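K.L.:
These are the residues of each chain, in order.
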Amino acid sequence: AQSVTQPDIHITVSEGASLELRCNYSYGATPYLFWYVQSPGQGLQLLLKYFSGDTLVQGIKGFEAEFKRSQSSFNLRKPSVHWSDAAEYFCAVGAFYGGSQGNLIFGKGTKLSVKP
Amino acid sequence: ETGVTQTPRHLVMGMTNKKSLKCEQHLGHNAMYWYKQSAKKPLELMFVYSLEERVENNSVPSRFSPECPNSSHLFLHLHTLQPEDSALYLCASSQDETYGNIQYFGAGTRLSVL
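Read top to bottom, the protein sequences are chains A and B. For the first sequence, position 22 (counting from the first letter as 1) is numbered 22 according to our numbering, and the numbering increases by one without interruption. Count along the second sequence from 1, add 116, and you get the number used in our numbering.
Worth flagging that the hints you see were computed from the coordinates, not collected in a lab. One or more hints might be untrue.
[Stated by the list, open to error] Here are the simulated PhoX-like pairs of lysine-lysine, each with C-alpha atoms no more than 20 Å apart in a straight line: (1) B:K134 / A:K111; (2) A:K111 / B:K157; (3) A:K108 / B:K156.
In this text, all values refer to a predicted model and were calculated from it rather than measured experimentally.
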């Protein structure tokens, strides 16, 4: 069965420091992978996605993620964190549920706090 | 402006009440979804609709009843809920329900069941 693991529940970084949020997935074929961000009181906003091709994908707000098939990972990175990046981050894998139909399996999320 | 609007944003109801959550998407999409987001748990898919037909129901209790009158509107009718149903309910839409489609989310309805 498909699954997504985000091993870090809560991470705190200083403003201006680099960031890496970890995501590991379990899926039999080449997955479709997503990172979403949720600010307090808001819904989920798509940061970036990987479908195929270049394993380093660029997203909005200066985020990037790298797909590593050998490690079943899709870690999210940002070189310099801003206070406005404080939010909860969700990794998701696209999964089939029948025929060509599919849906998203989400991890439990990583809450990011940013110190001044 | 996400293109997916949910109302109300907050709802408090007793266990014997009947209420409805509303979702409207302005993106021209054909698929709509209901998710439940509880503390310390992953998002749980509840229902999927494609072209107003339900295509997936993840064993949700019958006290939750979805309705999709057209491809732009989705409702979640609630009755005789339990306190453990308190959560953030998120609506999403996508172009269709095929594998790999990007889902766009609303801001959610925060539901408290007393």
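K.L.:
Would you mind confirming whether the straight-line C-alpha gap from K111 of chain A to K157 of chain B stays at or under 20 Å?
P.N.:
OK: K111 of chain A and K157 of chain B at ~13 Å, within 20 Å.
K.L.:
Run the distance test for K108 of chain A versus K156 of chain B: straight-line Cα separation, threshold 20 Å.
P.N.:
Holds. K108 of chain A to K156 of chain B sits at ~7 Å (cutoff 20 Å).
K.L.:
Holds or violated: are the alpha carbons of K134 of chain B and K111 of chain A at most 20 Å from each other?
P.N.:
34 Å, violated
When held up to the earlier numbered hints, the structure conflicts with hint 1 and nothing else.
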